[in-house]
Every structure is written in structure tokens, then in C-alpha cells.
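Colleague: The hints should help you fit chain B onto chain A, whose structure is shown.
There are 2 protein chains.
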Amino acid sequence: MEQQNSELAGLPRRQFFGTAAAVLGGIGLSGCATTPSSSAKAPGSSGMLSKGDTVLFQGDSITDAGRSREHAQEPNTQPAMGKGYAWMAASALLTGRASDELQIFNRGISGHKVFQLADRWDKDCLDMKPDLLSILIGVNDIWHSRGGNYDGTVEVYERDFHALVERTRTALPDLKIVICEPFVLRCGAINDSWFPEFDHYRAAARRVCDTHKTAWVPFQTMFDEAIKYAPPEHWAGDGVHPSPAGAALMAQAWTSVVNSDQPV
Amino acid sequence: MEQQNSELAGLPRRQFFGTAAAVLGGIGLSGCATTPSSSAKAPGSSGMLSKGDTVLFQGDSITDAGRSREHAQEPNTQPAMGKGYAWMAASALLTGRASDELQIFNRGISGHKVFQLADRWDKDCLDMKPDLLSILIGVNDIWHSRGGNYDGTVEVYERDFHALVERTRTALPDLKIVICEPFVLRCGAINDSWFPEFDHYRAAARRVCDTHKTAWVPFQTMFDEAIKYAPPEHWAGDGVHPSPAGAALMAQAWTSVVNSDQPV
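Quick mapping for you: the protein sequence lines, in order, are chains A and B.
Everything in the first sequence is counted per this note's numbering, starting at 181 for the first residue and increasing by one.
Everything in the second sequence is counted per this note's numbering, starting at 181 for the first residue and increasing by one.
In case anyone wonders, no lab produced these hints; they're calculated from the structure.
Please note that the accuracy of each hint is not assured.
From the structure, some residues in chain B lie toward chain A, with a derived Cβ separation under 8 Å [claimed, not checked]:
(1) Q258
(2) A270
(3) S271
(4) A272
(5) L274
(6) A406
(7) A410
(8) A428
Each residue gets a CB set at the ideal place from its N, CA and C atoms; glycine is no exception.
In isolation and in its complexed conformation, chain A is listed as follows (with noise of 0.2 Å):
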């Protein structure tokens, strides 16, 4: 079998360079974490987090994307994380930062308008202790608001936004925190009377990003762009909810901002 061998590890090794060793090499602009951090949490650590790291993302429909209730308490699976943009990126950084031990939890649930993510935010967040918190929430403030059954505005949603990011800052001082931008893609469910409202909302999430100086995902100037590439329905066929696409290019996005050193 020498002759085998021999060849079964010279033909991949010259394609390792061209693949695993990229994705090895690090998701996203960041470098992997090649070399274990010298001590746990360590504050040297490449972009947003460090070895032993917990994680958790936060938000609505978009991020719960059938999560198991089940496996809620299990770090790192697919039925606790989804089949959304939380799972694709949770499984980049698994990946790319593989030494690290990163412990990553979803808590999005459907339908979820920021004033619920304060009503379950002591257990769903502020008792799970994360070192790296994101959160993508408002498309249901506006989208329930338009439907008769809230009667929340973007005032609301700002109020209710920041004091939810003050409240956390207070409890975990030493938390990092990535804002998603919400977005809509015109397709589906959303027309042109969404806006300009809808751009309002986004406004306020980006304010409340300014003001408490958190990290920023931006998702809608994402999907602006990538509507060049192909029509909004290959991103998000009710201009709500990703595709696979979409959550792909999610999670690519997100991954960079974390594994970058972000100037906020």
C-alpha cells in the first residue's frame, strides 16, 4: 500500500492548499485562531471573541428558523441552532475558529417584537451570562403594526430598543454586542408602501447601534447590493424570511463583522 499512500497524500495535499486550508485559515476577514490564546479569554484574541466564548444569537423568525425547543440547552447542534442564518454562522465560526471552545445558543423565537425580547430577556439573555451577544429584531414591529394587530410605532421600537441595550450594558458590562440591520427585500409580502417607514426602523436600530457603540451587521445594504446578482426572491422569497442563500449570505457577513476588529 505504499505506492497508495504515497499517492493518496500527494494529490490532496497540493488541493488542501486551495481548500480546507482556506477555510481553516479563517471564515470571513479575520485570521483563524491557528494558535491557542494563551489563557482563556484571552483579550488578544482575533476579532470579537476569544477562546471559551459563549455566544448567543438573538431576534425573531429569521433567527429562530425552526430551532428545537428540545435542544435549546445544547450548545453548538443543529436542531438547538436552526436552519437559518444563526446556524450557518455559528457553523463558520466553528470551523474557522475551531480551537476556541465556543459554546453558541439561539434564542430567537417567531413573531418576536423587541418589547418581547425584554419580557424574556432575564432568562433568555441576561442569566445565560454571553460574552457575544447579536441581536436582529424589528421586522415584526412594523410588519404587525401594519397588520392592525400592534399598535407599537418606531418610536416604540426605539424606546423600547435602547432601554433593552441599556439594560444589558448595566447587567454585563464587559458583554460585546452586534446589532443586526433589520431588512426587507420587494418581493413577496413587502411593497413599495413599506417605505419609507420601513427605512425608519432601520435608522432606529442603527441609533441605537451609535449610541451604545455596538458592532453592526449591515444586512439591508447587503441585500441592496446582492439584488445586482440575482432578483430579491432568490434572497428571500417573501422578502421576509431568507432562503438558503440568503441565510448563507447572512452568516458570511455577520462572521466577517465578528472576526473583524471593528471600529466602533
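Modeller: Frame of chain A; chain B shown alone:
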């Protein structure tokens, strides 16, 4: 809102070049098809794929990954693609090559060995007339034999695999074929008693690749490197079925091969 819109547009733009631009610029080795092909099926498209191509994943449970039979006829959807590397690779293709109008299907079936692919090959491959076919098969050929439920040997595996690819080449001469290296990780169900026999199956798959000049995705080589970054259980709890991290790594390696012009 002018000022807000300007603010929204400005800050994300800087980030965009470090985030979504990298994504839309192509996942994997090759550049994204940023300009439309001059015609459908343009032979000059990057990597192994052209605009409008149909992609088919074939294999066993690793490929199946819980895909919905009910949705099997739908291209590009998560239920139809399952929750494994095939879906993640599809998501990456549909993101990095968003303009290419690819149609991606999964026909992996849990528990299958190479002769079982042959039994359903007309319906589940040839009749579908894919432009690119990816096959990952072999772990059950050895596993079921070791368990006493199957009397196939490595010679049977190689003979059947050769015959399957030969039959495919005859029926679809222009088809591009990717053979994926069977792999295991030394944990869970996998112990030293699997070796060197398992290496003989890998070598057999490689000979099929060489004989028929297919592309090759070196999954075993990739995982042998990956375990330097995190223990085997991080990549596949039972040594056979990939974790989210393992699936993500496979998808990246697979996509890199398909997006490159391989010297085969």
C-alpha cells in the same frame, strides 16, 4: 430623513467592502460570476459550473442529512437539501454564483452503499440529466460489511463504483463528475480496527477518480488536518456523521474544488 439615509448609507458602505463584497465576490477559490455569461451553458464560466447548470448530490446518510422526500423535486430549498454539507455547499454556490441560476438537488439516501446507488441510478441520476454530479459513497460499504449485514468487499466496492461511473459517462458524456473521498474520524463508532482496511476503500475511490478523470474532494486529508485544530468529536461525534462544523468544512472544501479549474 436625508441625513439619516446618508448616515445609513455611509457607514455600512465601508463595512460592506469587508463583508458582503467578499461573499458576493465568490465563496471558495474562484471569482464570482459577477458578469452574466454571454450565453446559457457558456463553456467559459468559472470553475466547473456554467450558467443554468443542474447540480446533483448523491450518496448516503452524510449527503442525505435528513432531507425531505416530499420536497425532493424542488431545487435549492433547505428541506429538499437536508441539513448537511450538501445544503451548505448549495447555499454557498447560490450565494457566490447568485447570477448563475443553478438548480441544485440532493438524492442521498441514508444507509446506501454503491450497489444501491446503481439500483436507483436511472431515476435518481441519469433521468435528471445533471451537468455536475457529486458522489460521496463508501463508508457503509465497509461499515455494513464489518457488522456482518453485508458481504461486499473492497473489490466489490471498487468494481461497482467503476461500473457506475462508466455507465454514467456513457449515458451523459458531457457530465462533470466530482468524487468525494470517503472519510472517518477516530472517535465514536470508529476505532483502530477500521484500519488499514478503510484506507483501502479510500484508495479504491481514488482509483475510480483517476481512471475516469473526475474531480476529487479530499475529505479525509482535510479532516486529518482539521483534527490538529479541534478533536475528532468536534467534526463528527460518531466518527462518521459530521457536526455543523464538520459539514461546514466539507462544504467549503467541496465548493472550493467545484469553483476551481482542477487539473484532472
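Colleague: Give a verdict on every hint.
Modeller: Here is how each hint holds up against the structure:
1. Annotation: Q258 (chain B) was flagged as interfacial toward chain A, and the flag holds, the nearest CB pair being 5 Å apart, inside 8 Å.
2. Using the Cβ-Cβ criterion of 8 Å, the hint placing A270 (chain B) at the interface with chain A is satisfied: the shortest such distance is roughly 6 Å.
3. At its closest, the beta carbon of S271 (chain B) sits 4 Å from a beta carbon of chain A; the interface hint therefore holds under the 8 Å criterion.
4. Contact between A272 (chain B) and chain A, as hinted, is supported at the beta carbon level, the nearest pair being about 6 Å apart and thus within 8 Å.
5. The interface hint given for L274 (chain B) is met, as the beta carbon of that residue sits about 4 Å from the closest beta carbon of chain A, less than 8 Å.
6. For A406 (chain B), the suggested interface contact is upheld, since its CB lies about 7 Å from the closest CB of chain A, less than 8 Å.
7. Interface hint at A410 (chain B): satisfied, since its Cβ lies 4 Å from the closest Cβ of chain A, which is below the 8 Å cut-off.
8. For A428 (chain B), the interface hint holds, the least distance from its beta-carbon to any beta-carbon of chain A being 4 Å, beneath 8 Å.
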